[in-house]
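S.K.: Residue numbers (this note's numbering), protein chains in the order written: chain A, 8 to 368; chain B, 8 to 368; chain C, 8 to 368; chain D, 8 to 368.
Rather than coming from a laboratory, the hints here were simulated on the basis of the structure. One or more of the hints may lead you astray.
Pairs involving identical chains hold if they fit within one copy or between any two copies, as the list cannot separate such chains.
[Claimed, not checked] Listed below are the simulated DMTMM-like cross-link pairs for lysine to aspartate or glutamate, each with C-alpha atoms no more than 25 Å apart in a straight line:
id, residue 1, residue 2
1, Lys130, Glu194
2, Lys264, Glu233
3, Lys220, Asp173
4, Lys358, Glu345
5, Lys159, Glu190
6, Lys281, Glu91
7, Lys281, Glu19
8, Lys28, Glu162
9, Lys66, Asp35
10, Lys281, Asp338
11, Lys159, Glu282
12, Lys264, Glu51
13, Lys262, Glu40
14, Lys264, Glu282
15, Lys264, Glu120
16, Lys193, Asp173
17, Lys262, Asp50
18, Lys29, Glu163
19, Lys281, Glu345
20, Lys159, Glu339
21, Lys28, Asp157
22, Lys281, Glu163
23, Lys66, Glu120
24, Lys28, Glu345
4 protein chains.
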Amino acid sequence: MIIMRKGATQEEITNVVAEIKKHGLGTDVSTGEIRTVIGIIGDETRISATHLETFSGVKEVRLIETPYKLINREYSALFDGKTESRTINAGNVVIGTDRPVYMAGPCAIEDREQLMQIAAQVKAAGADILRGGVYKPRTSVHSFQGLGSDRKTAEEALTWLREAGDKYDMPVITEIRGESHVELVKEYADILQIGSRNMYDQDLLTAAAGTGKPILLKRHFGASIEEFLSFAEYIAASGNKDIILCERGIVPVGKGKSFTRYTLDLQAVPVVQKETYLPIVVDPSHAAGRRDLIMTMSMAAIASGASGLEIEVHYNAREARCDGQQMITPDELARLIEGCNQIHNTMAPFKNNDRAERCTN
Amino acid sequence: MIIMRKGATQEEITNVVAEIKKHGLGTDVSTGEIRTVIGIIGDETRISATHLETFSGVKEVRLIETPYKLINREYSALFDGKTESRTINAGNVVIGTDRPVYMAGPCAIEDREQLMQIAAQVKAAGADILRGGVYKPRTSVHSFQGLGSDRKTAEEALTWLREAGDKYDMPVITEIRGESHVELVKEYADILQIGSRNMYDQDLLTAAAGTGKPILLKRHFGASIEEFLSFAEYIAASGNKDIILCERGIVPVGKGKSFTRYTLDLQAVPVVQKETYLPIVVDPSHAAGRRDLIMTMSMAAIASGASGLEIEVHYNAREARCDGQQMITPDELARLIEGCNQIHNTMAPFKNNDRAERCTN
Amino acid sequence: MIIMRKGATQEEITNVVAEIKKHGLGTDVSTGEIRTVIGIIGDETRISATHLETFSGVKEVRLIETPYKLINREYSALFDGKTESRTINAGNVVIGTDRPVYMAGPCAIEDREQLMQIAAQVKAAGADILRGGVYKPRTSVHSFQGLGSDRKTAEEALTWLREAGDKYDMPVITEIRGESHVELVKEYADILQIGSRNMYDQDLLTAAAGTGKPILLKRHFGASIEEFLSFAEYIAASGNKDIILCERGIVPVGKGKSFTRYTLDLQAVPVVQKETYLPIVVDPSHAAGRRDLIMTMSMAAIASGASGLEIEVHYNAREARCDGQQMITPDELARLIEGCNQIHNTMAPFKNNDRAERCTN
Amino acid sequence: MIIMRKGATQEEITNVVAEIKKHGLGTDVSTGEIRTVIGIIGDETRISATHLETFSGVKEVRLIETPYKLINREYSALFDGKTESRTINAGNVVIGTDRPVYMAGPCAIEDREQLMQIAAQVKAAGADILRGGVYKPRTSVHSFQGLGSDRKTAEEALTWLREAGDKYDMPVITEIRGESHVELVKEYADILQIGSRNMYDQDLLTAAAGTGKPILLKRHFGASIEEFLSFAEYIAASGNKDIILCERGIVPVGKGKSFTRYTLDLQAVPVVQKETYLPIVVDPSHAAGRRDLIMTMSMAAIASGASGLEIEVHYNAREARCDGQQMITPDELARLIEGCNQIHNTMAPFKNNDRAERCTN
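The following block holds chain A by itself, in its conformation from the complex (with noise of 0.2 Å):
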């Protein structure tokens, strides 16, 4: 990482970057209020900092020590003074803004009738962003997967997802699984998904980024903090730092039965929030796999300051084609977006106070 003088002018800006390309590296270019900051894409140890040093107006040369420098706190510190976490924009939502925003709708789009249903209904509820899965990550190739596995009614459940997203003033999110979607679903929605499954799939998060829409990426179920902040920087070293981060459980510990499909991992949620600037929110719907928990693990996850929840919502789970044992009603999601409302008005002023010290041992 760079460090430019105040006042250095655009030739000399332009002229480490020149150097740093030349050495087969990528740069990402931050101007602040008080400075810029060049941060170098790819392996730094092929270029010398001393020798950058030299360049007219380096004020320092600095090694982050950390597989993610592009969304850490202390990076954007550096050049704006400011740690500010970022909001994101997505249609008419904000994300990572002081209020909770609801991700609600089914696991897997089904037809049109249900989706157009299922939104109406989520919609009334009080969810912000309709979410609806077309391509269906599924460990069983012999599991249902998708709307998404033939390219004709992929297309087809796109539309009636932009139509419901149109219709019912949402935007909408769905899950790309491999490269081979992005082309299509950038044209019809507002959020790209990534799953547990694909989170360290490199080259897909990659054409994700070169969308420009906002990436939702959830961390793998067997993925440390470290190595889920890691993918998330291919995101942003693509040049997008639309990156809402999702904690969706992990695998449980121990033999014998864990009563959950995922462990949910909620100190997740501050980690993230110190480390990184991103907003994070919380899936209770796969970590939990179960229904009657979804109304306590969503108060928790808001008490322990998630920026939003995303939530499997079906009016009848008995017929749902996937998941449908952790999905619940549309009435139990006004009741529970109500509950989280409360519990982070309760939860607000005793937040601030504890994110003030970060602790040094």
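On the provided structure of chain A, position chains B, C and D as indicated by the hints.
M.R.: Chains B, C and D in isolation, oriented as in the chain A frame:
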């Protein structure tokens, strides 16, 4: 499990119990408002259900296919027709009611003055129960092991703990790490704590149960919830159902930094509450291992429905001989209790709603 | 799975296939010496078994309750009356015979000279197949990503790999990391490798399968064996059963140092061999992450019955731009192959003995 | 660790030891051929290195930053100038030499006849040491707990074990599960076994160490290797270095079926051998939990360099009251020992070669 007919006579019950004992098995006789139920303790396969069903007064012999039967909600429902949670008395405090209970104090008792000062401070901050470690479980034999490492200082430390509890009108809780600690500690403590590393130590559990004191059992950091409840069953099988369960964090997943010592599994709270009638509390201090997360995660724990919290507190964390980086100050504790009580009140009406239904998928 | 009668006609088979396709499902038709069996690819619940059993020529419709059916030993046993392991041809090498196969080469191709020199050396040491990475999966976007990070250098590197393979008469294997790599790599490589981080990437698996080339699929470091085989099934479901499975280490357990990058799960070798007819090889280099364990663990892997090894080799590990600490020298490789072949010969008569019986508990 | 000068007098040594004890710390005095080294047992930070260096006869005070020092190869190298592995005598058997040692017998002792028969059979098959469980650690209080569940049958079972060992000239090993078992068991057994579930039980380790008997310590199924060695250090810190380490499998990763009870971590064998001078053996029976893998994994364990194996054997596994599905027959044991000895002989010349170099990356 042998379900007796309504109105079965004491003689009929005695006959069944005698028959079971003849096979080298133990019994747990529960007489509720509706009927008496006899639980078999030990390997049920050693006795024939069909044979037992021929006994006078026996309505039905039912096999419960779970390693924990005595602490099971369904089991108590059978003879009482109700599924109420258990409340546990420790001195003047009741755990498991609708009011969260706060246990606070230093990680380790260091000297009389330190303990007295912290006791006064946590009392003033609103704590209900005083904690203080004498026998410290440590990964390294070369770390400070607590005053328990010597028999004489162990008893001194226990005397101070009792004195502090009496002076500030708080029941006291301290850890037993080996069978050889039970006799001494039971003379001083109101609640015996069994730590994470000892959860699998069935002989310690049995010895502790024999004191008749309430036992706080922490989940091992590598144990599934099924294992956790299976080892709690060892305590119940020794005739002591005054068991307080405690979630204190599990081993993080994945490669790379996790940023916390353990992963706090808050889903364990509602899951345990559905499986058993025993109360569950949360220890956010050991889970996080860093003080800047304690406030946030305490509120999230209360939102998840925990019956209380165990928090490490020290007036001068930097001086603490053990776990300094995760202790909070008495002032922070006061603020924490205020926040948690507000969250509890906000959450309460929504919680009942959620617990009514049990997912049957 | 539809089991046809002996002597069922082609027309009867075609009718059944057509009926299945009418329900939006795929088929896998296997004609063995005894009879034809039709596997359903996709969600079997969409078609009624009772209905299919009314079709002419159908003997029985059987539900296999496992997410992997096509690669299952039991499945092939049904129509062939035998359960032989599959052998896979790659150039002049056959994988899955009674002779272990050694794949060796650099972690990453760095330049033409480096690759040519190592190719000559591993050939001399006794290697069968040349490995060399072009597209490197990396946790950090700031680490060296391989020559694949640029389309032009990617193709150059692939050209060198082909040239080295041809010159030294070894088939070549290289990794594809995203769908967009498949078209290019299939022109140059004999075996397509899918790395640990991409195991869950079902679209990549499907795209790779479509080339008809043998696929080496590495187990994800957080995947159970059932998940591993379930994703291999995606390849088979695309009509390509030339799948080489590879165990390369899973995430270590517990807190504190593990002393290796991953935990090598050698039980996976006999387990996989009992579940499927596909060959499994072992990559000790990535599991250990340190060169001083490679020799020992290679011999252990062969003793566990592995069909081969994939080993990272470099003439000057300290110069290597990637994974230097786990590479061995060509001389060490020669010694390793000698030792492994001796272990293989020693183990062989005992192995057959063990495999005859399948534990049914 | 205090390194004394060559030729330091006994008085000088005594003075240093006294000073350390004054600070409430323990000492481990090792006098080798070259010099004496004094290890500090307990929290080193309580005493100043600079202060100790002023004492007469002290050459250097060195801080070893690892939770296990006394069992460390580097430590013994300091005063002996050599890094030889430790051999441990149990009756007429030596563990840790160049010859693998086989411990075999039933999971649980059921009655005198069963034990005598199996003892005769395993002796005939080539076993060196007889194993038999009296105190069985079980996840469920409702499972068979071994004859140890009653004091009278416990002592009977131990008498039979001693008798069988004497009759067939094999030292005997049995498990202690709680501190309260130590006094009784030490009268009968040659080696005290501490099982996986009790590895973290530091008071049990200390009590066992005090008997002076060799201790076989099994790795907890959720413990890292560093934790494993740190708890072995508790035994050494009590003055007993006759410790046999045992790898018996760790918790499987991921979702879905693992097909084995635990994951056998054979990399632990060479890793432990490099870190410590203590011998390590492998228990493939509990790791696999199924008999059809025992032969294969035993050979792999020997190829990885294990100093021996512990195997569960029963003449009629289906009758066994505990772990029937993982027992092998005496005939299978004979074949296993034959195969393992051949693998050991094949591996031997290659192993030395590998161990010479220690990776320094």
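S.K.: Each hint: holds or not?
M.R.: Taking the hints in turn, this is what the structure says about them:
no. : hint            : result
1   : Lys130 / Glu194 : within (23 Å within a copy, 51 Å between copies)
2   : Lys264 / Glu233 : between (28 Å within a copy, 5 Å between copies)
3   : Lys220 / Asp173 : within (17 Å within a copy, 45 Å between copies)
4   : Lys358 / Glu345 : both (20 Å within a copy, 12 Å between copies)
5   : Lys159 / Glu190 : both (14 Å within a copy, 23 Å between copies)
6   : Lys281 / Glu91  : within (11 Å within a copy, 41 Å between copies)
7   : Lys281 / Glu19  : neither (33 Å within a copy, 53 Å between copies)
8   : Lys28 / Glu162  : between (40 Å within a copy, 21 Å between copies)
9   : Lys66 / Asp35   : within (17 Å within a copy, 54 Å between copies)
10  : Lys281 / Asp338 : between (35 Å within a copy, 23 Å between copies)
11  : Lys159 / Glu282 : neither (42 Å within a copy, 36 Å between copies)
12  : Lys264 / Glu51  : between (46 Å within a copy, 21 Å between copies)
13  : Lys262 / Glu40  : neither (54 Å within a copy, 37 Å between copies)
14  : Lys264 / Glu282 : between (33 Å within a copy, 12 Å between copies)
15  : Lys264 / Glu120 : neither (38 Å within a copy, 38 Å between copies)
16  : Lys193 / Asp173 : within (16 Å within a copy, 43 Å between copies)
17  : Lys262 / Asp50  : between (41 Å within a copy, 20 Å between copies)
18  : Lys29 / Glu163  : between (46 Å within a copy, 20 Å between copies)
19  : Lys281 / Glu345 : between (27 Å within a copy, 24 Å between copies)
20  : Lys159 / Glu339 : neither (34 Å within a copy, 55 Å between copies)
21  : Lys28 / Asp157  : between (42 Å within a copy, 13 Å between copies)
22  : Lys281 / Glu163 : neither (41 Å within a copy, 42 Å between copies)
23  : Lys66 / Glu120  : neither (61 Å within a copy, 40 Å between copies)
24  : Lys28 / Glu345  : neither (52 Å within a copy, 46 Å between copies)
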